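Make the complex out of the two chains shown on their own, each in a separate frame, by following the hints.
Just so you know, the protein sequences line up as chains V and C, in that order. Taken in order, the first sequence gives residues 114 to 283; the numbers are from my numbering. Taken in order, the second sequence gives residues 32 to 767; the numbers are from my numbering.
Worth flagging that the hints you see were computed from the coordinates, not collected in a lab. It should be emphasised that the depicted structure is a prediction, and the values quoted were computed from it without experimental measurement. Do not rely on the hints blindly, as some may be mistaken.
Result set (BS3-like, lysine-lysine): computed pairs, CA atoms no more than 25 Å apart in a straight line [unchecked claim]:
1) Lys206(V) to Lys475(C)
2) Lys475(C) to Lys516(C)
3) Lys206(V) to Lys128(V)
4) Lys206(V) to Lys516(C)
5) Lys470(C) to Lys516(C)
Stretch-level coverage of chain C by chain V, calculated; a stretch enters the list once three of its residues show a Cβ under 8 Å from a Cβ in chain V [stated by the list, open to error]:
6) 381-392
7) 708-721
8) 732-738
Short, incomplete list of chain V residues facing chain C, as computed with Cβ under 10 Å [claimed, not checked]:
9) Pro155
10) Val161
11) Val165
12) Val168
13) Asn170
14) Val175
15) Lys206
16) Ala208
17) Thr237
18) Ile240
19) Ser262
20) Pro271
21) Ala272
22) Leu275
23) Thr276
C-beta: ideal position from N, C-alpha, C; glycine also.
Residues per chain are reported as follows:
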Amino acid sequence: MNDQTETTDVTHDLKIVTFTLCGHMFGIAMTSLLEIREWEEPTPLPGVPHYVRGVTNLRGNVVPVVGLSERLGWAPSETHARSCILVVNLDGKQAGFLVDEMNDIVTVSVAEIQPPPALDGADTSMISGLVRVVDRGGDNAETTQGDKSAMVLLIDVPALSLTRHLDAAA
Amino acid sequence: MSEDKELDEIQAIFFEECVEGLGTAEAGLTAFANGDISAEVIAGVFRAVHSIKGGAGAFGHNALLTFAHTFENVLDRVRAGDIAATTEIGQHLLSAFDTLSDHVSAAMGRADVPQDGTALAGLNALLAGEAPAAAATHPIPSPSAPEPASQPAEADDMGFVPVAVALDLEDFDAPAIAAPEGNGNDGPWRISFAPSRAAMANGAEPLLVVRELERMGARVIHADLAKLPPLRELEPEQGYIRWELLLDGSVEQQELDECFDFVAPDSLIEYRREGATITAANEPEAIVAPEAEIVTAADLSNPDDERTPPVSAPPVLSIVPSAPPPTAMPAGDAKMLDAAAQTIRIDVTRLDMLLNLVGELVIRNSILNDRLAAEDQERVELPQLARLTREIQDNVMSLRAQPIRQAFSRVPRIVRELCAATAKQVNLEVQGEGTEVDKSVIEKIGEPLTHMIRNAIDHGLESPEERIAAGKDPVGTVRLSAEQKGARIVIRVADDGRGIDRERVRAKAIEKGIVAADTPLTDEDIDNLICAPGFSTAETISNISGRGVGMDVVRTNVEALGGRIEISSTPGQGTSFTMVLPLTLAILDGMIVRIDGQRYVVPLAHVVESIRPNPGQVKALSPTSEVIDLRGSYVPVRRVSDIFGLSAHDRRCPEESLVIIAESDTAGCIGLMVDTIDDRRELVVKSLDQNLYPIAGLSGATILGDGSIALILDIDALVSAANSSGARFTLKGMAA
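If we strip away everything but chain C, and leave its shape as in the complex, we get (with noise of 0.2 Å):
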């Protein structure tokens, strides 16, 4: 049973790494049908591809193999230069890639087995039509690396550059030794070797190598014994002497190298080519000492470059720095490659339970701190120990920041599918993936961005026909960005098709009853009516939209989160929606105030200003409800305790209270009055709905420092509870 479970949670690890490969594989093929054609793109698709396919056969998906085994072999194919690497075979591999996806949810019990006869015969037309002459002028040189698990490897095809040639320092943490070729420099080696003299010690026996080196057919031409002390004065296990060796030209440099990878690191090692036709013999001399790994390190990652004489390796070394890497390969991927080497996999739930427990430290620290006599809390130790726990707490919470790739991931196949049903050209632009966002964020905007993009592509872009006739591109494009703005993600959806048309909009929105004929509104008014619950304009209900749902959605799913959603448009030139959400769910930044004895906190986020009323400032508009006069205009005010039936025992009258303005983002302002205000923090949110269940009018609950729990108002239910009576909103959805 147990073994079950184990095997369940490797085939959960191989999921991830699925869908981590697919999007590796779709990036790269993107590129490539965008024309990004380099040996680094395809290959780092094949490898994606081979890894999935190693593990559904591993895992016995059989259907995933077969496909994965046929895609892999035309990606090999087209690595190799057999199959033409053009945009178009870029576009024949990418809707094979979506069969893939498509098996490796059915894989992942997510969704039945697709139909894939068709990219399949597709695929296998590939492997069978190919087009060596189509190969042979297209620009793109061919890998010769075979295994596809080392990724310095790729970088070979440098070595057959005519010109001295080396691989970026950055990249590769490691120089190359390109030569010019064919200098004819394989003259017999000549090697110096003079153990350290604590060799032996170390377990390095000289000998071995010296005998070593015979094997490969050196001959030892002197024994330099000066250092040799008289016998009485003899160390049996001690090392004296200095070997010269010569040995045969053809011998690699490489397996000098591993000749010498055991021996102490003090120990003399030389090595050079004798008569060499070129200045290595001017030069005193060429030493490849074993400090000097770098070499081999590079050497050994280009196991079929032509082995070069170390002679030249002080001039080559030197223009290393200028010369850029042939291959673009984009810094980006290479951090990536990078950083995936030293990742480790958690349990979010782990990353949660630490983030409570440090949550907790940070509690008892300022809990302690109060407990302590005044001299004591004086002492420099207690304010480190809490800005250590601070210190400690932003990092937990930095732990679960992920790029936004995961989110933007997804959008290219979107994409894709809807030119392919509404027969619009899309140029899809992304930038900011590498935007570092909570998990939790990430994982909920899937949906919206889904309906952003939908919304861009089918009511935003024209046709290519009248993008033609407006004098647009036929290609139309919708660029999808994401930058972080203090301590909110900025998410935006940009096309540049034909804009909101207003008059339609409001036409529309009056015919379904969502606005009276006769309100005023502006043009912004207007934009937000899209996001109206049932509204749509398109006259046809198609598969992609029109169902009247689809920016609702976005518009709840982005209050859900905390965040508002803005919209701007210009006839003509395109539309562009824009998600405003916040960073992390799970930190806060709150105001702490106090009602009635108890303590609540208002979000920072929601908060315009906070007033102490004149006297008939506050005026009362009926028994139960006041307003505030603020500057001219009357904002109604609420007790906390009124608006949730809690018992007040001394009411304060207006004028011994504060009142704090808060904005919600959908219905107005309200002001809500109370007693003080304690404090202004970063508080971590704890849902209510854990150990109980929500509650209309708490957004949750956090643990003040006295280990005493406060409760976060929900500004906007409260202010739509305040104001549903009032006429003056009757929009949801629409900002006073």
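Bound conformation, chain V alone (with noise of 0.2 Å):
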């Protein structure tokens, strides 16, 4: 399902937010990306999945906040004063995602994104690629073999959608 994304079939390069997510470091297109706004508490809602936090006020709109740690099967993030929400366009639908803490906006190659390898038990269904960047900052991003590049997880933003499986029951 990775193939549908933008990151394949593009030929250039790809600006990406980096951000931290249980101390591993993840990114997503900057296209898709609406705005970062500060964590506020949302409203809880009844009968949604754990991972959906609520709903907030978001300039008039009623915006669905998914814990995005939780959604991608980690544990749920605690929430601190870094704590961001990434409002996110989702086929026309507004979400925002909470994340631990922004990290940097870096540009990649597409040609340098690998596809994820399919490892057996390992839902890999949200995670479009890998790309190695040049980690420049990030506390709590994970660094390997000290030559400050960091292996960054790239979402498959579509693949969020919170109304994908109302789509397929249909």
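In structure tokens form, the structure reads like this:
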């Protein structure tokens, strides 16, 4: 399903925003990011999946807020002063994703992006690729081999869609 | 590519106009077929069809073009009086109109191109078999205005009435002068013209006016130089001279008016007929000054009218207000035409965006208020700002209001088709079609309305034979009405048919297993059974109704709109179905309650009362359920946090809580236990659907004054969820 994302069929550079979740570095394409907001406790909703933390007011729009860490199967984020909400456009709908810390904006070459290796039992359906970037900061990011470069897990934004299960059912 | 897009946009406008035009044409033709045959009506229909034809040609919808063209030809002949405008012709035109609307749907790509052979043949037969004799005997005035565009021109025919007649001032913004005919008053014009001093500075060269008059045959008979100053005081660029001219009487006054169109405003202009045979000669001066533009305007709009001497202007003008317009044009129509000229089209999404922004403005306003120091809050500017913002909000809301006519417009056709299919005769009466409702409501009532009309005609009304046997008029009446009552709109479909056969309904409901055989049912309960899913009393399923989905659909749709349906029936006298709907879906009157630190909104329409329970008034029914003793009846009590499975931090005991008794339209009452009631206010409803998906138990969310979100409870869903285990409410659609 990853071959449908914007990262594979483009031959030039891609700007990504990197952030950390549970100490791991993730990235999403700049093009799908609408804005970054301070964390604010959302209004909880009944009868929604555990990762939907609630809804918040985004300039008159009621926008769901999702714990991205839980959504990807990691431990739920603990919110703190540097917690942020990435507001993302998902097929014309808006959604906010809670991340532990914003990191950087970097440009990567599309050619350098590797598809996620198929591992037994690992759900990588929401990861569209892996790319190595030079780490210019981010205390929590895991740096490998001391060369100040880190692996970024690129998130397949459309796969985060909150209504995808509804579309599939329809 | 962008050109294509532009063309599409223009075409979309054309289609919108088509729909409007069809509405106008249908209203006119219906009036026509019902005997209201006036030149206004025919001309209105003609104009509508003409515009559709024009657009169809421009966008290459050839089938539509051909049909509209033939239709227009027939209408033209009717208009000219060549084809007798009888109600029978009206019926023919109506059925041709249905084909025309099918053509429009086809052009929009919503339907296949209709088979219009029969309809075309019918129209051509009308064209071929003209009956001038019949036309001559028929009392329709023949409008003489050729161009359909200018509305006031329709008033022409009154110029031929042998008494002094004038147009209605209010309808046309201009009085017309119509003089007694045949007073033979066409003596030569005597014209006085003194340009204002500053005429030339204003670019109004008097010489050009004089030359123009001379070209028409005028002779200057006198130049009054009295105001001419001595040479050294003379300003060569100012006007001092007053001319007297004599002009042949055959010249129309209109031409004179045109000559003076561009003179400077302060100039003196007088003209009168010399040697007039009537009072004109005695009148000191009948002045037609350029200020009296009303005369000019009226005359221009009556180009075919007999030119009338201006001398008679004063007496005629005096009778204007008292003279009713001879061609009775319904005031509403005139207003509509007037309104049509001053409307603009706006995309609804833009309006919604504006509404969102204004809502946000209201919120920011109250946030600002909260953050200000107490003494600053006292200042007058802040409440003024708040009030202004609210006013803007109300105004933006009202922009979304549309007359319900849009939803009613499709009803006449449904009625016609049903009449044809059932061989019943139906007279449709429509009232209150100007009632304004939010656009979203109009969009959603179409389907329920169709079902209600079908139901009234197919089930409600008897066949003509049965009606005669029952001593009724063989023509049944279906009355469709709309009115506003407070914040609700009431739409009623009433028939004068046989009424609901309650025994039969009950028997059918038992047969279909909708109710148990031993359930005691009141008349009201039985009437409501009609709306139960799968219910139908029709013995055979017809194309029209009988599948048992109709009234269920009505109920579901109406409830989805936050409304309810009421049924009343008198055997032998008729049945009426009433939809009670909110005026708008975007604004809700709500009670803001607090439970476990969260705020929720209970729609006020559902709130019956709120109670602080006495000790022991709330009783446990089981470890997890409670009831409240409400004056002897036990109503289940739930905490919202329990229903939603949200964690409760500190549970208050019932005596410290409030119980809001909420009534659902369908499933009875429930007591909602809340900590406090915060506020009661009008709220802008935001759908959860927009960025997420609908959630059971919630009908949306709203943004409160501090910018935070409160969820709006869906009382109907909560009540039925809470009562789902109870055996008391087994019937969906049974109001307790």
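Interface hint outcome for Thr237(V) [beta carbon to chain C under 10 Å]: At 25 Å from the nearest chain C Cβ, Thr237(V) fails the 10 Å test, so the hint is violated.
Whether chain V covers the segment 732-738 of chain C (at least 3 residues having a Cβ closer than 8 Å to its Cβ atoms): Coverage by chain V holds here, the residue count being 3 at a Cβ distance below 8 Å.
Given pair status - Lys516(C), Lys475(C), alpha carbons within 25 Å: Given that 25 Å is the threshold and the Cα spacing comes to 19 Å, the pair holds.
Per-residue hint verdict: Ser262(V), partner chain C, C-beta under 10 Å: 37 Å, violated
Status of the hint placing Pro271(V) at chain C (closest C-beta pair under 10 Å): Nearest chain C Cβ about 15 Å off; hint violated.
Minimum beta-carbon distance criterion (10 Å), Thr276(V) to chain C: Constraint on Thr276(V) satisfied, holds at 5 Å.
Chain C contact restraint for Val161(V) - C-beta distance below 10 Å: Since the shortest Cβ distance to chain C is 7 Å, the answer is holds.
Satisfaction of the Leu275(V) interface hint, Cβ to chain C closer than 10 Å: 6 Å, holds
Hint consistency between Lys206(V) and Lys128(V) [alpha-carbon to alpha-carbon, up to 25 Å]: 22 Å, holds
Interface restraint verdict for Ala272(V) against chain C (beta-carbon cut-off 10 Å): Nearest chain C Cβ about 17 Å off; hint violated.
Restraint satisfaction for Val168(V) [CB to CB of chain C, less than 10 Å]: Interface hint status for Val168(V): holds (5 Å vs cutoff 10 Å).
Assertion that chain V covers the segment 381-392 of chain C - criterion: three or more residues, beta-carbon distance below 8 Å: holds (count 4)
Hints 4, 17, 18, 19, 20, 21 from the list above are not met by this structure, while the remaining hints are.
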